[in-house]
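Q: Heads up: the sequence shown at position 468 corresponds to 468 in UniProt numbering, and the numbers run straight through without jumps.
It should be emphasised that the hints constitute simulated quantities derived from the structure, not laboratory data. Only a predicted model underlies this, so the values are computations on that prediction, with no experimental measurement involved. Think of the CB as a built atom: it goes at the ideal place given N, C-alpha and C, for glycine as much as any other residue. One thing to keep in mind: the hints can contain errors.
[Stated by the list, open to error] Calculated lysine-lysine pairs in the PhoX-like style (CA-CA distance at most 20 angstroms, straight line):
id: 1; residue 1: 254; residue 2: 209
id: 2; residue 1: 209; residue 2: 226
id: 3; residue 1: 941; residue 2: 893
id: 4; residue 1: 833; residue 2: 207
id: 5; residue 1: 27; residue 2: 652
id: 6; residue 1: 567; residue 2: 914
id: 7; residue 1: 518; residue 2: 502
id: 8; residue 1: 312; residue 2: 833
id: 9; residue 1: 393; residue 2: 326
id: 10; residue 1: 461; residue 2: 833
id: 11; residue 1: 393; residue 2: 502
[What the hints assert, rightly or not] Label-pair distances were calculated between CB atoms; the ranges are:
id: 12; residue 1: 728; residue 2: 198; range: 51 to 57 angstroms
id: 13; residue 1: 12; residue 2: 72; range: 57 to 63 angstroms
id: 14; residue 1: 517; residue 2: 56; range: 34 to 40 angstroms
id: 15; residue 1: 810; residue 2: 517; range: 35 to 41 angstroms
id: 16; residue 1: 181; residue 2: 321; range: 45 to 51 angstroms
id: 17; residue 1: 210; residue 2: 788; range: 38 to 44 angstroms
id: 18; residue 1: 785; residue 2: 137; range: 34 to 40 angstroms
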Amino acid sequence: MKRFDVLDPRTPLLGHHFLEASAGTGKTFAIEHITARLIAEQRFSIDEILIVTFTRAATRELKVRIHETLKKCPPSFPLQKALALVDQAQIFTIHGFCHRMLTEYAFEAGLEFTLLSEEESDYQAILADHITDFFRTSLTSEEYSTPQLIKLFQSRADVLNKVLNLIEKEGEFPDYPPFNHSHERYNAIRPTLSPPLDLILQFNKIKNKEGEIKEPYKTQVALLEKKYLNREEFETLTASESVLSLTTEENLSKRAFSDPRPLYNFRDQLLPILEPATSPLCTLVRIARSVGPSALRALEEKEILSPNDILKRMGEALSRPPFREKVRSRYRAAIIDEFQDTDPIQWNIFKTLFIDDPIPALYLVGDPKQSIYSFRSADIYTYLNAEKMVSEKGYLDTNYRSDPALIQALNTLFSKNPNWLSLPDAPLPFHPVKHPEGAANRPFPDDKEPIHFFAYETKKKKWGSWPTIEIEETIFFPFIAREILNLTKKGFQYSDFAILVKDRHQSVRLKTYLESCKIPTSSKRNESLTSSPTFSLVRSLLEALIDPSEVPVKRFLSHLYNHQDLKENQELLTETTARFAQPQSLERALRTLYTPTDLETYADYTKLSELLLSHPGTLEERLASLLDHKEIPRVPLADPNSVTIMTIHMSKGLEFNIVFALGLINRYTGRETLIRHDKEWLPFHPDHPKCKAALHRQEAEKLRQLYVALTRAKHRLYIPLLRDTSNTPIPLGQASPLELFDPEPTDVTYLFPAKLPPEDPTFPELHSPTSPSLIYPSRTLHSYSSLAHTTPQPPVDVETDLPKGAETGVLLHSLLETLLLNPDTSIETLLQKRLPPHFPFETTAKLLHHALHTPLSPHPFSLSEVKHLYPEVEFLYPDGPNFIKGFIDLVFKHNDHYFLLDWKTNLLPSYDPKTLHETMAHHDYTLQALLYNTALSRYLKGAPIGGTYYIFLRGLPDEGILFLPYQTNA
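Given the sequences, and given the hints that come with them, work out the whole structure.
A: Structure follows, in structure tokens:
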């Protein structure tokens, strides 16, 4: 492979070229100058040159860059003509290109309808409506387990999104049998087997400390003993994970008393029947396979194609000679940018058009080291296969992005093992890059090298994420904050820094920490404003202004209040309807009818208001104009001089002065549900050969993510290292990118848990000692219990599954505290470990689920949506000569307000508002709320407090929530 110099007049332009462009080597510069030379030297018209790139943002940037390059070239007739016709430049995304060709040549393509504009194709909304109809009409009791559907549909929106996601995935899904077929097959096989179920007590995780089988496994074992099961019994057997799935060699007790092989045989016969009938994922796949074909037909009936269908339809149309000839004749040159992100369908389109029937000039430009979008079907093997079909191969060898010292350090780091990027079945060697002659290094006020490692070594616990949140917040976050603060004191700006994270969850944690250190941050997100809740709210506001009747106004209020509030508060509806009905300008309506309560919503609302007010016309015309926007970039309100936080995937193609590659230390410990191997989706079984092959490909892509992350910096790169001193083997697919790369650090800072800053070393002024006083004032330590004035309530004669008394309260408080501190823990797993045998499993599980997912009236959010949770907060504060002490069940922060929450397990005859207020009076809970509010307000020193929730757990989800607005005597 030889060096490609686009500015060298001896470099041939015509022919088919394969250009490898490593990070920072001027790929876009090469594309714009190839275009200019084709126009100036080969007299190609600008509309005869097709340029295809990855994103719409990239198409916009290329149009601007090519226009600027053409203006700088020595004037000539071809260039002047190109400048005059620059709006006709053929620069598209692959979907935009296919859409344009199918639209312009619909007759030759054999389309029976004209495609809607790519911007108008709201195909997901149509698919979602169709799937919702399927939920209503086609989930029959014969094909699906009713208890399983009830559990699955606790969040209808969640199920809808999962099914929609499955339908849009490329590849074949497993064909699981209907539930009634599984039932019939079970009853056909079970009578032929001898059940050695007495052996089941030899396996851990199935029995409790007393040596008895846990619930619900006890029920399952009893059902497995029976030769035949009726429909209801089979539904009970498959309601949760099968006990047979735990009869593995890993779980076999060291004190096993009998040969387990008869039980293994029993398991191997029945588990393949039970697993598809038990798994919620298998149910989702069955739903997606059933609804998918009809959903796609529904799109065709509305003359809309999804993005994947546009590509497929383009491929089909190219088999028609008239269409292929029409498209092919338009172009004399094609430049395919970001070619490493091409999938087989896209490559077949380019190959058919430009290689099978060659055009004068073809450029495939990409970097296999930056192929990191397999989740979007990008396939690096497509890139490698295409390389074999192109005669001229070249590479861009000079990094114009980074300092010479940093380039040399990266070359050294990446050259330790030249084949570290190679695939299991294909070589992918790393080639060092050069730096421009005469380039200078940016000076730094410290003695750190251009690549600086910051490392921490500790023993990993058996379970949980790695690094843990505690390690992040006491080790890595403090180091990053210190480096930023030290360098900004020496002349650097906050905007010089970027921190690359693994995902949005780590981004939120890091943002919170840095802002607590008074470091301004901005998080880069790529979702459109049109998909935000604020867009939906503004749309409802306009619709209610146009038609201020009950239904539109209710729709607007539903964004601010829950259903129960609207149902009970007729006065609110009447008052709001009157406000919408009064004559007013749009400016006044936007200012008075809604006020954002948090910074993010304020930014979104301001942007949408500007768009509306900039469009003249009636309210109906302004609403139509707003709905025409399918993509509106969000404009977060952030200081331009702020630290950038973004994911590694989002950083591709960008550059920053100083980069912390934080996300490279995170292991991938989340359990996969489905994994893709070639064109086939498989249930995740780590020992399956195809699953192993897919995991090896994922490991290779992690290393390419590492390459992307480590090549974003211009002046300095910080690389974190996290060593597990126990040296426990890492399961295939879980290792972090840096664990796979395993660098040898040179310039390194070894970290320790953050401590309090050292005390001021200046010595205080000394005074002569005074005579000691022997008079000590007496002080009393009070709590709510000692101060409350309670009155007895009559006993309640109500049937309940949960035991009465203090034991229930203590247990539920403990379980809720665990779930809030460990949001990744499932309720079922927790109860299997900690629920006493005399407590009902299902009832307790439902109660905990409702506690976390019921909207906290009068607010629309639930605790599952809250990120900042602080359970069991202890306080002690002075009250005159005495002190008040206590524990708050939960303090949480949401939408920039702090709230208090107290769990109650009182058994009441009813949980309506009247009964709850009576109970508050009987137990003097209002005093408790006042004491807790005072403690929190003193601690927060002026931060906004929203109020206090009293959650009577036994009344959820329909009743049991009492909200007290903020009050304090502080």
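Q: Would you mind confirming whether the straight-line C-alpha gap from residue 209 to residue 226 stays at or under 20 angstroms?
A: Measuring from Cα to Cα gives roughly 27 angstroms; hence the hint is violated.
Q: For the hint 35 to 41 angstroms, verify it against the beta carbon of residue 810 and that of residue 517.
A: At 38 angstroms between Cβs, range holds.
Q: Between residue 567 and residue 914, is the straight-line Cα distance small enough, at 20 angstroms or below?
A: Holds, at roughly 17 angstroms.
Q: For the pair supplied as a hint, residue 393 and residue 326, confirm whether the alpha-carbon distance does not exceed 20 angstroms.
A: violated (29 angstroms)
Q: Between residue 785 and residue 137, does the C-beta distance stay in 34 to 40 angstroms?
A: violated (56 angstroms)
Q: Decide if the proposed pair is consistent with the structure: residue 461 and residue 833, CA atoms, cutoff 20 angstroms inclusive.
A: holds (18 angstroms)
Q: Using the beta carbons of residue 181 and residue 321, state whether their distance is inside 45 to 51 angstroms or not.
A: holds (47 angstroms)
Q: What's the verdict on residue 254 and residue 209, does the C-alpha distance respect the 20 angstroms limit or exceed it?
A: holds (15 angstroms)
Q: Is 38 to 44 angstroms a correct range for the gap between the Cβ atoms of residue 210 and residue 788?
A: About 40 angstroms separates the Cβ atoms of residue 210 and residue 788, which means 38 to 44 angstroms holds.
Q: Could you grab the alpha-carbon distance between residue 518 and residue 502 and see if it respects the 20 angstroms cut-off?
A: violated (23 angstroms)
Q: Against the range 51 to 57 angstroms, how does the distance between the Cβ atoms of residue 728 and residue 198 compare: consistent or not?
A: Because 35 angstroms falls outside the window, the suggested range is violated.
Q: For residue 833 and residue 207, compute the direct alpha-carbon distance and say whether it is at most 20 angstroms.
A: holds (10 angstroms)
In this structure, the hints that do not hold are numbers 2, 7, 8, 9, 11, 12, 13, 18, in rising order.
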